[in-house]
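Chemist: Chains A and B, in that order, give the protein sequences.
Just so you know, the first sequence maps onto residues 72 to 149 in the working numbering.
Just so you know, the second sequence maps onto residues 405 to 551 in the working numbering.
Simulated from the structure, these hints should not be mistaken for laboratory data.
Since the structure is predicted, the reported quantities are computational estimates derived from the model, not experimental observations.
Beta carbons are placed, not taken as given, at the ideal position from N, Cα and C, and that holds for glycine.
Check before you lean on any hint, since a few could be wrong.
No farther apart than 27 Å at their CA atoms in a straight line, the calculated lysine-lysine pairs in the DSS-like style are these [said to hold, decoys possible]:
{"hint": "1", "chain 1": "A", "residue 1": "K114", "chain 2": "A", "residue 2": "K99"}
{"hint": "2", "chain 1": "A", "residue 1": "K99", "chain 2": "B", "residue 2": "K410"}
{"hint": "3", "chain 1": "A", "residue 1": "K114", "chain 2": "B", "residue 2": "K410"}
Over the 12 Å line for every Cβ pair with chain A, so calculated as not near, a few chain B residues [unchecked claim]:
{"hint": "4", "residue": "I417"}
{"hint": "5", "residue": "V428"}
{"hint": "6", "residue": "L455"}
{"hint": "7", "residue": "I485"}
{"hint": "8", "residue": "I494"}
{"hint": "9", "residue": "A496"}
{"hint": "10", "residue": "F501"}
{"hint": "11", "residue": "W503"}
{"hint": "12", "residue": "L508"}
{"hint": "13", "residue": "S516"}
{"hint": "14", "residue": "T536"}
{"hint": "15", "residue": "Y542"}
{"hint": "16", "residue": "G543"}
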Amino acid sequence: MAKSEIQNRIRRLRFDHGEMTQQQLADKARVTRQTIIAIEAGKYAPSLPLAFRIAAAFGLPLEEVFQYTANGDAPPDD
Amino acid sequence: MNRLQKMARFNLIAWAVILVLGAVFVALAAANVGAGDVARQLPGVMKMWLLATLAVMVSSECWAKRQQPSRVEFDERDRIIQIRALHCGILALLGVFLWMTWLLAPSEGLVSFWIPVLLGSAAMAGNLVYSTAILIQYGRGGTDGEK
């Protein structure tokens with residue numbers, strides 16, 4: 072499957088936030104753990120409301136969690 | 405594995421069992437009373453088939469009940485997957501219905517004798533494609549990267 076144009080730093084951010092589990096993030100964002108797994112893997116691009124809920128779960132603005140890349144390349148990780 | 409996947413898997417397993425048992429039943433009946441008599445009973449069998457389709461769909465809903473009410477078990481991604489699968493299922497249902505109509509209805513028109521066969525086959529095809537499409541969209545084995 073082709074990589075999504077929407078890249079994200081969810082995996083990195085989970086570990087930065089006290090090694091938050093996928094289930095904990097799923098509960099906060101009100102989705103299933105499978106959806107978090109799919110988003111992390113770049114297999115699913117979330118809706119705008121869900122993207123905002125995930126960003127809110129980390130207490131960060133949307134653009135610090137999700138990045139748009141026109142050709143699907145991974146953004147530089149800090 | 406979430407609720408939708410469990411329902412789809414249940415559907416496919418139930419249909420596999422029904423098809424195998426149905427094939428065995430028809431083979432035994434053909435051996436005992438002759439293939440001609442079995443063919444005449446086919447619409448009756450297909451009525452049972454229609455009932456079996458409904459039974460499988462209803463029981464899969466009941467079987468895949470919520471396990472942890474506090475957790476989200478159906479979200480936007482599941483909805484998208486279900487809608488796509490539903491489109492595939494409806495297409496299969498219509499496709500099989502039209503194909504069977506063309507097959508069973510020569511120029512003089514469709515004999516009412518075959519209507520249960522048509523409906524039963526279409527319902528089964530729709531259900532099988534719907535369930536398969538769900539499992540395919542969730543990924544290999546339905547685990548989607550879970551460890």
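Chemist: Taking the hints in turn, state whether each one holds.
Modeler: How the hints compare with the structure:
Among the hinted pairs, K114(A) with K99(A) is consistent with the structure: their alpha-carbon atoms are about 20 Å apart, no more than 27 Å. In summary, the hint linking K99(A) to K410(B) is supported, as the alpha carbons are separated by about 24 Å, within the 27 Å threshold. At most 27 Å may separate the alpha-carbon atoms for a hinted pair to count; K114(A) and K410(B) meet this at roughly 21 Å. A cut-off of 12 Å between C-beta atoms confirms that I417(B) is not in contact with chain A; the least separation is 21 Å.
Interface exclusion of V428(B) from chain A stands, the closest Cβ pair being 37 Å apart, more than 12 Å. At the 12 Å boundary, the C-beta of L455(B) stays outside the reach of chain A, the nearest C-beta of that chain being 33 Å off. With 12 Å as the threshold on Cβ separation, the claim that I485(B) sits away from chain A is violated: the shortest Cβ distance comes to roughly 10 Å. Every C-beta of chain A lies more than 12 Å from that of I494(B), the closest at about 24 Å, which supports listing it as non-interface.
Even its closest Cβ contact with chain A, about 23 Å, leaves A496(B) beyond 12 Å, as expected for a residue assigned away from the interface. With a minimum CB-CB distance of about 32 Å to chain A, F501(B) clears the 12 Å threshold, and the non-interface call stands. With 12 Å as the threshold on Cβ separation, the claim that W503(B) sits away from chain A holds: the shortest Cβ distance comes to roughly 31 Å. No beta-carbon of chain A is positioned within 12 Å of the beta-carbon of L508(B); the least distance is around 40 Å.
With a minimum CB-CB distance of about 46 Å to chain A, S516(B) clears the 12 Å threshold, and the non-interface call stands. With a closest Cβ-Cβ approach of about 18 Å to chain A, T536(B) is found to remain outside the 12 Å limit, as its non-interface label requires. With a closest Cβ-Cβ approach of about 7 Å to chain A, Y542(B) is found to fall inside the 12 Å limit, against its non-interface label. A Cβ of chain A approaches the Cβ of G543(B) within 12 Å, the least distance being about 8 Å, so the stated non-interface status is violated.
Violated hints, listed in ascending order, are 7, 15 and 16; each of the other numbered hints is respected by the structure.
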